[in-house]
Amino acid sequence: MPETLRARPEKHQPWLDASLRPYIHIDAVTKQFGEFRAVDRTTLEIHRGELFCLLGASGCGKTTLLRMLAGFEHPTSGRILIDGQDMTGVPAYDRPVNMMFQNYALFPHMSVEQNVAYGLKQDGVRKPELKQRVGEALEMVQLGPWAKRKPHQLSGGQRQRVALARSLVKRPKVLLLDEPLAALDKKLRERTQFELMNIQEELGVTFVVVTHDQEEAMTLSTRMAVMERGQVVQVGTPSEIYEFPATRFTADFIGSINLIEGRVKRVEAAGVLVAAPQLGCDLEVTGATQVREGQSVCVAIRPEKIAVAPNAEGAGPEEGAPNAVRGGARNSVRGTVRDVAYLGDSSVFRVDVGEGFLIEVTQPNLLRSLERKVDWDDAVVLTWRADAGLILTE
Amino acid sequence: MTATAGERRKPKGRATALRAPFHALAQRIGLSGRGLVVAVPYFWLIAFFLLPFIIVAKISLSQMIIGRPPFTDFFVWSDAWLPEIQAYLDNYRWLLQDSLYWVAYLNSVKIALISTLFCLLIGYPMAYAIARAKPTVRTLLLLMVILPFWTSFLLRVYAWMGILRNTGVVNNTLTSLGILDQPIQMMNTDFSVYVGIVYTYLPFMILPLYATLEKLDGALLEAAEDLGAKPWKVFLTVTLPLSLPGIVAGSMLVFIPAVGEYVIPELLGGPDTLMIGRVLWDEFFSNRDWPVASAVTIVLILVLVIPLALFQRHQAKVQEREA
Amino acid sequence: MSQGIKRGLSASVSAAALIFATGAATAQEDTLNVYNWSDYIAADTVPKFEEEFGVSVNYDVYDSNEVLEGTLMAGGTGYDVVVPSGSFFQRQIEAGIYQKLDKSKLDNWDHLDPQILEQVAQYDPGNEYGVPYMWGTTGIGYNVAMVEERLGADADFDTWDLIFDPETAAKLADCGVTLLDAPTEVFNTARQYLGLDPLSTDEDDLQAAVDLIMEIRPHIRYFHSSQYINDLANGEVCVSMGWSGDVFIAADRAEAGERDVEVAYTIPREGATIWFDIMAIPEGAPHPDNAHKWLNYQMRPEVAAENVNYVWYATANQDALPMIDDDIKNDPAIYPSEEVMESLFVDLPQEPRFARVQTRAWTRVKTGQ
Numbered sequence: 001m002p003e004t005l006r007a008r009p010e011k012h013q014p015w016l017d018a019s020l021r022p023y024i025h026i027d028a029v030t031k032q033f034g035e036f037r038a039v040d041r042t043t044l045e046i047h048r049g050e051l052f053c054l055l056g057a058s059g060c061g062k063t064t065l066l067r068m069l070a071g072f073e074h075p076t077s078g079r080i081l082i083d084g085q086d087m088t089g090v091p092a093y094d095r096p097v098n099m100m101f102q103n104y105a106l107f108p109h110m111s112v113e114q115n116v117a118y119g120l121k122q123d124g125v126r127k128p129e130l131k132q133r134v135g136e137a138l139e140m141v142q143l144g145p146w147a148k149r150k151p152h153q154l155s156g157g158q159r160q161r162v163a164l165a166r167s168l169v170k171r172p173k174v175l176l177l178d179e180p181l182a183a184l185d186k187k188l189r190e191r192t193q194f195e196l197m198n199i200q201e202e203l204g205v206t207f208v209v210v211t212h213d214q215e216e217a218m219t220l221s222t223r224m225a226v227m228e229r230g231q232v233v234q235v236g237t238p239s240e241i242y243e244f245p246a247t248r249f250t251a252d253f254i255g256s257i258n259l260i261e262g263r264v265k266r267v268e269a270a271g272v273l274v275a276a277p278q279l280g281c282d283l284e285v286t287g288a289t290q291v292r293e294g295q296s297v298c299v300a301i302r303p304e305k306i307a308v309a310p311n312a313e314g315a316g317p318e319e320g321a322p323n324a325v326r327g328g329a330r331n332s333v334r335g336t337v338r339d340v341a342y343l344g345d346s347s348v349f350r351v352d353v354g355e356g357f358l359i360e361v362t363q364p365n366l367l368r369s370l371e372r373k374v375d376w377d378d379a380v381v382l383t384w385r386a387d388a389g390l391i392l393t394e
Numbered sequence: 001m002t003a004t005a006g007e008r009r010k011p012k013g014r015a016t017a018l019r020a021p022f023h024a025l026a027q028r029i030g031l032s033g034r035g036l037v038v039a040v041p042y043f044w045l046i047a048f049f050l051l052p053f054i055i056v057a058k059i060s061l062s063q064m065i066i067g068r069p070p071f072t073d074f075f076v077w078s079d080a081w082l083p084e085i086q087a088y089l090d091n092y093r094w095l096l097q098d099s100l101y102w103v104a105y106l107n108s109v110k111i112a113l114i115s116t117l118f119c120l121l122i123g124y125p126m127a128y129a130i131a132r133a134k135p136t137v138r139t140l141l142l143l144m145v146i147l148p149f150w151t152s153f154l155l156r157v158y159a160w161m162g163i164l165r166n167t168g169v170v171n172n173t174l175t176s177l178g179i180l181d182q183p184i185q186m187m188n189t190d191f192s193v194y195v196g197i198v199y200t201y202l203p204f205m206i207l208p209l210y211a212t213l214e215k216l217d218g219a220l221l222e223a224a225e226d227l228g229a230k231p232w233k234v235f236l237t238v239t240l241p242l243s244l245p246g247i248v249a250g251s252m253l254v255f256i257p258a259v260g261e262y263v264i265p266e267l268l269g270g271p272d273t274l275m276i277g278r279v280l281w282d283e284f285f286s287n288r289d290w291p292v293a294s295a296v297t298i299v300l301i302l303v304l305v306i307p308l309a310l311f312q313r314h315q316a317k318v319q320e321r322e323a
Numbered sequence: 001m002s003q004g005i006k007r008g009l010s011a012s013v014s015a016a017a018l019i020f021a022t023g024a025a026t027a028q029e030d031t032l033n034v035y036n037w038s039d040y041i042a043a044d045t046v047p048k049f050e051e052e053f054g055v056s057v058n059y060d061v062y063d064s065n066e067v068l069e070g071t072l073m074a075g076g077t078g079y080d081v082v083v084p085s086g087s088f089f090q091r092q093i094e095a096g097i098y099q100k101l102d103k104s105k106l107d108n109w110d111h112l113d114p115q116i117l118e119q120v121a122q123y124d125p126g127n128e129y130g131v132p133y134m135w136g137t138t139g140i141g142y143n144v145a146m147v148e149e150r151l152g153a154d155a156d157f158d159t160w161d162l163i164f165d166p167e168t169a170a171k172l173a174d175c176g177v178t179l180l181d182a183p184t185e186v187f188n189t190a191r192q193y194l195g196l197d198p199l200s201t202d203e204d205d206l207q208a209a210v211d212l213i214m215e216i217r218p219h220i221r222y223f224h225s226s227q228y229i230n231d232l233a234n235g236e237v238c239v240s241m242g243w244s245g246d247v248f249i250a251a252d253r254a255e256a257g258e259r260d261v262e263v264a265y266t267i268p269r270e271g272a273t274i275w276f277d278i279m280a281i282p283e284g285a286p287h288p289d290n291a292h293k294w295l296n297y298q299m300r301p302e303v304a305a306e307n308v309n310y311v312w313y314a315t316a317n318q319d320a321l322p323m324i325d326d327d328i329k330n331d332p333a334i335y336p337s338e339e340v341m342e343s344l345f346v347d348l349p350q351e352p353r354f355a356r357v358q359t360r361a362w363t364r365v366k367t368g369q
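Residue numbers (our numbering), protein chains in the order written: chain Z, 1 to 394; chain X, 1 to 323; chain R, 1 to 369.
In case anyone wonders, no lab produced these hints; they're calculated from the structure.
Glycine residues also receive a C-beta, built at the ideal position from the N, C-alpha and C atoms.
Worth double-checking, as some hints may not be accurate.
Claimed, not checked - Quick list of in silico lysine-lysine cross-link-like pairs, DSBU-like style, CA-CA up to 30 Å:
{"hint": "1", "chain 1": "Z", "residue 1": "K150", "chain 2": "X", "residue 2": "K110"}
{"hint": "2", "chain 1": "X", "residue 1": "K58", "chain 2": "Z", "residue 2": "K148"}
{"hint": "3", "chain 1": "Z", "residue 1": "K121", "chain 2": "X", "residue 2": "K230"}
{"hint": "4", "chain 1": "Z", "residue 1": "K148", "chain 2": "X", "residue 2": "K317"}
{"hint": "5", "chain 1": "Z", "residue 1": "K150", "chain 2": "X", "residue 2": "K317"}
{"hint": "6", "chain 1": "Z", "residue 1": "K127", "chain 2": "X", "residue 2": "K233"}
{"hint": "7", "chain 1": "X", "residue 1": "K230", "chain 2": "Z", "residue 2": "K127"}
As the list claims (entries may be wrong) - Here are some, though not all, of the chain X residues that point toward chain R, as calculated from beta-carbon distances under 10 Å:
{"hint": "8", "residue": "I65"}
{"hint": "9", "residue": "P69"}
{"hint": "10", "residue": "D73"}
{"hint": "11", "residue": "L100"}
{"hint": "12", "residue": "V103"}
{"hint": "13", "residue": "R165"}
{"hint": "14", "residue": "G178"}
{"hint": "15", "residue": "Q182"}
{"hint": "16", "residue": "Q185"}
{"hint": "17", "residue": "R278"}
{"hint": "18", "residue": "F285"}
{"hint": "19", "residue": "S286"}
{"hint": "20", "residue": "N287"}
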């Protein structure tokens, strides 16, 4: 991991401390449903106090993994440890975890209060304490006045908060959240994200969140695991995942990215030179991983790391001619703007760099102006720094 | 039914010429399309419940005579242009005076209650299992629950006679295996009546229970377990209360017809099995006393069926509000 | 067949079917709607009648007087000929259900036995409304081997002791003793057994009969009017108070069955009920002409004899006797001796108030209240 990327050095980052034992240890867990392997030899370590996201498309195995943590499913092989305790054979009702369900699963025949009190009653908590703790939990989610209501009399956001209070009132070691925000509308979702983070920080409970929404995962998590076809593809902080995706899949799944196929031309001291026939120019990439000359690789460049400028010489790439900037410049290519999307804070350009190969570029709209510096069909030059690209071999 | 005012005219809009006369007619008699749909169940209730009920109530207020029909007229057309009403409450007084009827009512209720309880105890696990089965298996299991209805009810009761009698399947098997020296008397006892009623009405318990259990969100059960409830606690605190509408509906469907059951106690029961249905039969056929038989029916409906029906309506409304 | 109760469900079903059937039939002239007891006519009587007279017959059956009466009382049944039993017949005449016979159309009337006509005149004075069809008795059907096993080889079968003597009934209880579910008949017989007037309407006499039955009640398997036919035949019960013809059916089935069961019928010497079934035409019958043709046809000696040979009941037709099988003619259970005939008694309808008291007493006896 590059030294420069320790974004918040003052913040507690337990996963970097080798002496700490992980709080949740998922150890080579496999789950087979008949012919279908939902989770495939997955190993994960989650630390105390983390807000850990499991991110992936539907069917990637993230929910199955969460349900195995809760105890609703049992691993076909492998084991799960929570706080050093092997969970194999421990039924859901005996686990030190609680879950917030996707559609909240509030008991329709019980009031808000009764819903929240349910878990404590199962533990045989006595009346005065029970009352107090339920009151506190409802206070935390600001639902005190609604205590006597039934779930069907509440709004979607209120129900979500009841579910949260219900699952937290038992003070679990781990809280599992299954798509906690999916049922809310966009505005409410954004507000609730921050509420969730505040509560998590305040209580210090370990959160494991399943989500298919990469933005949500980026916002919420301390670290996240990207899953594909039952396997964890990459684990890291949001910035690690974004800036240093390990594979083409992760790179493509999180945010937008330009993937350019090429072949390693030369390995230099400062970096690697990659020949990219799609662009017609050489790409210089610094800080690269282990590659050898002649290897097929993929260079990934985020759109916001590319600069776009009008091409003073006018014309775009000529038919059959190399369209690289004259003089054999590296990390610079000519093209024609095919598409402009104005998003307010930024603009997105799609630039044809020859034979229909499109490069996406995002530019912040720094100046307040109605005129566009670059517009449709303009001839442009794209440039980027050598440390903007990333070499992917998988 | 919605009654539309005479002046009310809807703009014809794109209504075709052909539809217009129908519309006009429907409006004239005060029926909109929706009104017609609503009218069907009302018509049904009036034609097949209210009218017969009124006729029976009328007979219950008359007196028995030898003649055809064997009771006095309710309306007597004398010289005046309005008929005179002849109503007697004697039959109801008779019911009150003779403890036989009350014993029979109470016994019917007892038998119906116990049968309902057993239907519930047997039907609940079955409904639960069906609701939790795989969809393909579920259809098959449901079919098997309904299957007996394709055979005549009488045949099935007779089949039970063959199973339960002294020289029947059960006793023969047990004696030939040497488990019994002598056959156990099962036919013509209360036991055989319970077997018959529970067997016959079980599907009526299973189907509504299945309907509610099938709708039950599995996540609720997981949530309860997740919050620390052991499986039996999950059942008591979540599954059971949420299946209450099914339990109420199923119990009604079993209890109400079981109270008035005649055929099963008649065929399977012994001399001790006193049920109101048999008393009714005796009044109607042996005594030819249609008025008293009618009074027995009216009391049965007023005292048992209507309160229960109202209770169920209330329950259904409560559930509807919560859903 | 009998005057008692034979609760049947199939009968009411077929009655309903007929009501629908006759709706269509009335439009057609040459039809006849007959409503008779089940198993109460020879197999080819109806086809032969249809062939000879060109009348198509809708033939329906019931198995209880009560069901027949319930149907008739409701009115508008569309039946042309029905076959009630004695005391029911009398009450139904009073209720105005029947039309008088046109005897000019019944030239076979003289074949009827005058003695039986005299008996039936107790219900139908002057024999104005009905043609006596068949008659029988209400006695005891029993399983010979099972009773002998419990009472000894020299057991006396020809007595009501088999049922009404508590000690004897107790010995037989385990193999199954049954009574008809027919209040009048059982009470009449009980009074007769006690040496009282069988037709007494005295409430003390009724109480005595109730006490007698209550005493033997613990030994009674059930009160039912048709179940015993099968149960006797299968050896499921061993002693049943029953109607003669039904017991013969049971005996027949027992013989045909694979089990080694021998069922016999006896008319106890203390006396027993004799009953008559009478063919009559309801008021408002749609085809009275055809109905008369049918009645006249049934009175032909050869037709009556064929029916008897088929159903094993005694006929009211005296001229049929020579053509009746010897087995039947000489069976004292079907054609009892002069001496036994003396001991038989009819039952007459009781006045409604007493009938009700008696039915109530019956319900109490049955349920042990």
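Hints violated by the structure (numbers, ascending): Failing hints, ascending: 1, 2, 10 and 14.
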